[in-house]
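Asks: Residue numbers (the numbering used here): 199 to 408.
Please note: incorrect hints may appear among the correct ones.
Unchecked claim - No more than 30 Å apart at the CA atoms, straight line, and that leaves these computed lysine-lysine pairs for BS3-like:
hint	residue 1	residue 2
1	Lys241	Lys264
2	Lys407	Lys316
3	Lys269	Lys224
4	Lys224	Lys264
5	Lys317	Lys370
6	Lys241	Lys407
7	Lys316	Lys403
8	Lys269	Lys317
9	Lys369	Lys265
10	Lys269	Lys407
11	Lys269	Lys374
12	Lys256	Lys316
To be verified - Beta-carbon label-pair distances, calculated as ranges:
hint	residue 1	residue 2	range
13	Lys269	Gln342	35 to 45 Å
14	Cys246	Pro368	11 to 21 Å
15	Cys255	Met350	38 to 48 Å
Read the hints as simulated data drawn from the structure, not as lab findings.
Built from N, CA and C at the ideal position, the CB exists for glycine as well.
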Amino acid sequence: MNRILLAAAFLLPALAFADADPRFAKLRDEAEPLGGLGTFLEKYIGACEGAFVDAQCKSNAEAFRKKYQGKRLYMIVTEDDASMLSPGPYSPGTGEYTINITPFFPGGSSALTHGAPKKTDANGNPILPYLAVTGDMPEGWNLQMFTRMFSMRAVRAQVVFTPQGVWSLPKKGSGKIHGVTARIEAILLTEGRSGQPMGLWLNGKDAKKR
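Please take these sequences and the hints and turn them into a complete structure.
Replies: Structure representation (structure tokens):
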């Protein structure tokens, strides 16, 4: 019931929204939809270590990377998978909120990141600076209702990006962790059920502040 109420509160002010912000829609429509992020990362990185690896593994990975060189891609991160989103500061005076995005999108045993991480934290997780977007709280809302959106996994992310290469960092204990560095061009955050826009990060900036 709470989740339905949350969706309804974001839906009512936005029934007129038939599509995303036109700036995001343009990038999305020019991009190639990505099927599964995990499969893409596995093929792009190329897991070419071990005794039973196919002899063509490295050449296949190189060919796959070449195929997507400079190509713009689009993916949806559903509410249950959007663990990279968290509530940021909220201003009661203006009603403006901030959503923090850790630009680390996991898929399988690796991840897609905005830029390449340089180090890991004490738990062995790559460290990346937040991307932040802002929005205005719907009428009648408060901080508790806003933060509940994240604890209940009610926010979805749509991402447009261009892959740029492979990064690696020492793995805690032994070995290495790998990922794909990308130029993330846009991230649209919406309430998952209604599609109500909650924030847009566009070409390196919070679109609301542009």
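Asks: For every hint, state whether the structure bears it out.
Replies: Hints versus structure:
1. With a C-alpha separation of about 12 Å, the suggested pair lysine 241 and lysine 264 falls inside the 30 Å cut-off, and the hint holds.
2. Among the hinted pairs, lysine 407 with lysine 316 is consistent with the structure: their alpha-carbon atoms are about 28 Å apart, no more than 30 Å.
3. With a CA separation close to 15 Å, the supplied pair lysine 269 and lysine 224 stays within the 30 Å bound.
4. Taking the CA atoms of lysine 224 and lysine 264, the gap is near 25 Å; set against the 30 Å cutoff, the hint holds.
5. Between lysine 317 and lysine 370, the direct Cα distance comes to roughly 11 Å. Compliance with the 30 Å bound is thereby established for this hinted pair.
6. Proximity of lysine 241 to lysine 407 is assessed by CA-CA distance (about 37 Å); at most 30 Å being required, the pair is judged violated.
7. The suggested pairing of lysine 316 with lysine 403 holds, with an alpha-carbon distance near 22 Å, which does not exceed 30 Å.
8. A threshold of 30 Å between alpha carbons decides the hint, and for lysine 269 with lysine 317 the separation of about 27 Å falls inside it, so the pair holds.
9. For the suggested pair lysine 369 and lysine 265, the alpha carbons sit about 29 Å apart, so the restraint of at most 30 Å is met.
10. Restraint check for lysine 269 and lysine 407: the C-alpha separation of about 28 Å stays at or below 30 Å, so the hint holds.
11. Between lysine 269 and lysine 374 the alpha-carbon distance is near 27 Å, which keeps this suggested pair within the 30 Å criterion.
12. For the suggested pair lysine 256 and lysine 316, the alpha carbons sit about 24 Å apart, so the restraint of at most 30 Å is met.
13. Checking the proposed 35 to 45 Å range against lysine 269 and glutamine 342 shows it holds: the Cβ atoms sit about 42 Å from each other.
14. With their beta carbons about 19 Å apart, cysteine 246 and proline 368 fall inside the hinted range of 11 to 21 Å.
15. One distance hint, 38 to 48 Å for the beta-carbon pair cysteine 255 and methionine 350, holds here, with the actual separation near 42 Å.
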